[in-house]
Structure formats: structure tokens, C-alpha cells
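Asks: Now for the letters of each chain:
Number of protein chains: 2
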Amino acid sequence: MNYCSHCGSAVRFAVPEDDDRPRFLCDACGTIHYQNPRIVAGTLPVAGERVLLCRRAISPRKGFWTLPAGYMENGETVEEAALRETREEARAAVIEPSLYTLISLPHINQVYMIFRGELEGDYAAGPESLEVELFTESEIPWDELAFPTIERTLKHFFDDRRRDAFELHLSRIGAEERERYFGSA
Amino acid sequence: MNYCSHCGSAVRFAVPEDDDRPRFLCDACGTIHYQNPRIVAGTLPVAGERVLLCRRAISPRKGFWTLPAGYMENGETVEEAALRETREEARAAVIEPSLYTLISLPHINQVYMIFRGELEGDYAAGPESLEVELFTESEIPWDELAFPTIERTLKHFFDDRRRDAFELHLSRIGAEERERYFGSA
Numbered sequence: 001m002n003y004c005s006h007c008g009s010a011v012r013f014a015v016p017e018d019d020d021r022p023r024f025l026c027d028a029c030g031t032i033h034y035q036n037p038r039i040v041a042g043t044l045p046v047a048g049e050r051v052l053l054c055r056r057a058i059s060p061r062k063g064f065w066t067l068p069a070g071y072m073e074n075g076e077t078v079e080e081a082a083l084r085e086t087r088e089e090a091r092a093a094v095i096e097p098s099l100y101t102l103i104s105l106p107h108i109n110q111v112y113m114i115f116r117g118e119l120e121g122d123y124a125a126g127p128e129s130l131e132v133e134l135f136t137e138s139e140i141p142w143d144e145l146a147f148p149t150i151e152r153t154l155k156h157f158f159d160d161r162r163r164d165a166f167e168l169h170l171s172r173i174g175a176e177e178r179e180r181y182f183g184s185a
Numbered sequence: 001m002n003y004c005s006h007c008g009s010a011v012r013f014a015v016p017e018d019d020d021r022p023r024f025l026c027d028a029c030g031t032i033h034y035q036n037p038r039i040v041a042g043t044l045p046v047a048g049e050r051v052l053l054c055r056r057a058i059s060p061r062k063g064f065w066t067l068p069a070g071y072m073e074n075g076e077t078v079e080e081a082a083l084r085e086t087r088e089e090a091r092a093a094v095i096e097p098s099l100y101t102l103i104s105l106p107h108i109n110q111v112y113m114i115f116r117g118e119l120e121g122d123y124a125a126g127p128e129s130l131e132v133e134l135f136t137e138s139e140i141p142w143d144e145l146a147f148p149t150i151e152r153t154l155k156h157f158f159d160d161r162r163r164d165a166f167e168l169h170l171s172r173i174g175a176e177e178r179e180r181y182f183g184s185a
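Residue numbers (this note's numbering), protein chains in the order written: chain A, 1 to 185; chain B, 1 to 185.
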């Protein structure tokens, strides 16, 4: 951030009065520009023994497999965002979605929220997917998953299914774990 | 938003190519300025039959009662944000926090996440609180609560306690429900 989005003047990065962390400040119009984490909402569509994955047609991680998920937009609920992303990326619907993993990624200012639910009807690749397929646990391309959040969600799912007890999993993923995927943080 | 925060040129509000909703666009440098919902994280501190509430020292809703909660910051997890807000507003700590209510407010682009946990040790008003007190269900100032998210979380808690079964509650609050609190949307 270089300029004030309200008045166009140059901003500076400093701790405002009565605050405890630096923000982008506009001395011309007085606006404080707060920056906050973003929510990535998606689903884990389940069809019997299999789960649905999308192969990404766009960067980052083009060609790698992911669950249908993306940034939550203004004006929608978390669940609406998850179902919208599922429609857009996998042309698919999920019934009775229930929140399943909630993963904070503080080093990249994201919070993942993945809903588990039954796949209903057909599926097909949307414009951001190269292909969309169903996989059993042993068929999943574990070395070609796009993000550590996806790997963790899938591992929870197959563990929980063996125990036949599904619960909400809250966790965090730090820079170390992301390096395994991306080579550097 | 009037100006590009990257290059300082005037922005326009239009649907980008390959997108389906309007964004603030900078024709000079090509930046698309996405705007996304913000997370409000907080806690429901429980001490036996009583819960802890803070009376707000700042607007909005100055003088009304709330749970300790505030905007999640970059660089922290949701749980860290909830515990930080509890320290800042109520000088209090909560042990074994578990996610309890997750409420989307699509008309104001917020997602509330409130963690339930046992109050540990003392409490006191922080700089954003006029006072901090413990209340039984019948003592709660139901007509002087700051936000509908707070009322809903408290109602869930006392209902669940009667049943002795606590679970995660996902819901949404629309403009209608907020009007009860604020007079107009």
C-alpha cells in the first residue's frame, strides 16, 4: 500500500495513537487503513468411499489437486461461499454441509473453512479447473495436492471415517509446513 | 474507495474480465482491489453459573454490554485473536476455548467466531470497556446488549446448559435482525 484509497495522498506505516501495531495511515485525510485476514471457504464433497477433487487450471499451484474452495466474498455467508465455490470450480452441489476443518494460516493471513457434505448429482470442470474426479483414499494423488490445508482436511476425513466419528477440527498451519509444498515460505 | 492504493490513480467500479461481480479497478497499473469479509473473534468466558460481559467504552454501541471480541488481525490464528481481545477488553483469560458460535452477517461483511471457555483468574476493564461484570442468566441486561450476535450466543449458551449439551452453532444474522438493535439497517 502506497497511497490512501480515500484521498489519494501518500500513506505512511506507523502505529496510530491508542493502537499497538503499525497500520497504513493517511495524514492528509486521517484514514487508518486496517488490513485483516481473508476467509477461504470450500467443501469436501463425499460420494460413498470417494471424495471429489479438482485439478487447478490457474496459478498458484496450477496442475495440482485441490478441494473446491476460494475467497469468501462480501455479501454472502460462509456456507454460501463454500457452496458457490463448489458450483464454480466443480459444477457440483453438496447437501447438508457441516463445518469440518477450520485452519488458520497466520503467515499468509488466511483462514480456511471447509464444509463436509454428500455430493449430489453430477460434476464437471468449471473454468478454474482442468478436471474434476472422484478418488478413494488410496487413489488420492497425495504428492500432487495443491495446499497443506487440503492434505490435512483429507487426512482428517479418512481418519474420522475409520473411527466413524466426525468432528470439527480446528488447527493452524505455519510457514514450516507450507515450505514442504512450495519450496520456500 | 476512490484511488488505487498501489499507484494513486483514480479507480473505477466495474466487473473485471473473467469475473462475475464488480471490483475497484485501476486502469493505470492494472490492480484489482478485492474486498472481503472480516472476522470478529471473541470469547464467552464462563464462571460457574455466570458469564462475563463488558460494557463498551467506545462507539459503536457505547454503554451497551458485549462479550470481549474484536477484529482478527493479520499474523494470528482465530483462537489467538479471541484470547487477545479477551485480554485487551476484559483483562481476562479463558482456558480450553472451543469454537461455539459462528455467525455470518452478510449485509455488513462480518463473520463472528466466539469461543466458549472457563474464565481463569481475575478480570478488569481494559481501555475499551467501562466495566466488566459476571452475570447469571436472569441478571443479564438483555435489553442493553450491544449486538444481536451477543444476544444469540448468550441464548444458545443458557439453552445448551439446560440440556447439558454444547455444540457448535452456525447461523446468519440479516439486516432485519440488526434493525431491532440499531433502529435502521
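Calculated directly from the structure, the hints in this document are not laboratory data.
Some hints could be false.
Across the chosen pairs, the derived CB separations fall in these ranges [claimed, not checked]:
| id | chain 1 | residue 1 | chain 2 | residue 2 | range |
| --- | --- | --- | --- | --- | --- |
| 1 | B | E176 | A | S9 | 10 to 20 Å |
| 2 | B | E177 | A | A57 | 31 to 41 Å |
| 3 | A | P127 | B | P141 | 50 to 60 Å |
| 4 | B | G121 | A | E137 | 44 to 54 Å |
| 5 | A | D143 | B | L168 | 46 to 56 Å |
| 6 | A | S138 | B | I58 | 33 to 43 Å |
| 7 | B | P141 | A | E49 | 48 to 58 Å |
| 8 | A | F166 | B | D164 | 34 to 44 Å |
| 9 | A | E137 | B | N2 | 47 to 57 Å |
| 10 | B | E80 | A | E144 | 28 to 38 Å |
| 11 | A | S9 | B | R162 | 53 to 63 Å |
Partner residues aside, some chain B positions facing chain A, computed with beta carbon under 8 Å [as the list claims (entries may be wrong)]:
| id | residue |
| --- | --- |
| 12 | G70 |
| 13 | I140 |
| 14 | D164 |
| 15 | A165 |
| 16 | H169 |
Beta carbons are placed, not taken as given, at the ideal position from N, Cα and C, and that holds for glycine.
Asks: Decide, hint by hint, whether the structure agrees.
Replies: Hint by hint, here is what the structure shows:
1. B:E176 / A:S9: 10 to 20 Å: violated, 39 Å
2. B:E177 / A:A57: 31 to 41 Å: Holds - the Cβ-Cβ distance for E177 (chain B) and A57 (chain A), about 40 Å, lies within 31 to 41 Å.
3. A:P127 / B:P141: 50 to 60 Å: 52 Å Cβ-Cβ, so the 50 to 60 Å window holds.
4. B:G121 / A:E137: 44 to 54 Å: holds, 45 Å
5. A:D143 / B:L168: 46 to 56 Å: Because 33 Å falls outside the window, the suggested range is violated.
6. A:S138 / B:I58: 33 to 43 Å: Given about 56 Å between the Cβ atoms, the range is violated.
7. B:P141 / A:E49: 48 to 58 Å: holds, 53 Å
8. A:F166 / B:D164: 34 to 44 Å: violated, 22 Å
9. A:E137 / B:N2: 47 to 57 Å: holds, 52 Å
10. B:E80 / A:E144: 28 to 38 Å: Given range 28 to 38 Å: holds, Cβ gap about 32 Å.
11. A:S9 / B:R162: 53 to 63 Å: Since S9 (chain A) and R162 (chain B) have Cβ atoms about 56 Å apart, the given range 53 to 63 Å holds.
12. G70: Hint on G70 (chain B): violated, closest Cβ of chain A at ~11 Å, above 8 Å.
13. I140: violated, 27 Å
14. D164: violated, 18 Å
15. A165: Hint on A165 (chain B): violated, closest Cβ of chain A at ~14 Å, above 8 Å.
16. H169: Because about 10 Å separates H169 (chain B) from the closest Cβ in chain A, which is outside the 8 Å limit, the hint is violated.
The structure fails hints 1, 5, 6, 8, 12, 13, 14, 15 and 16 (numbered hints given earlier, in ascending order).
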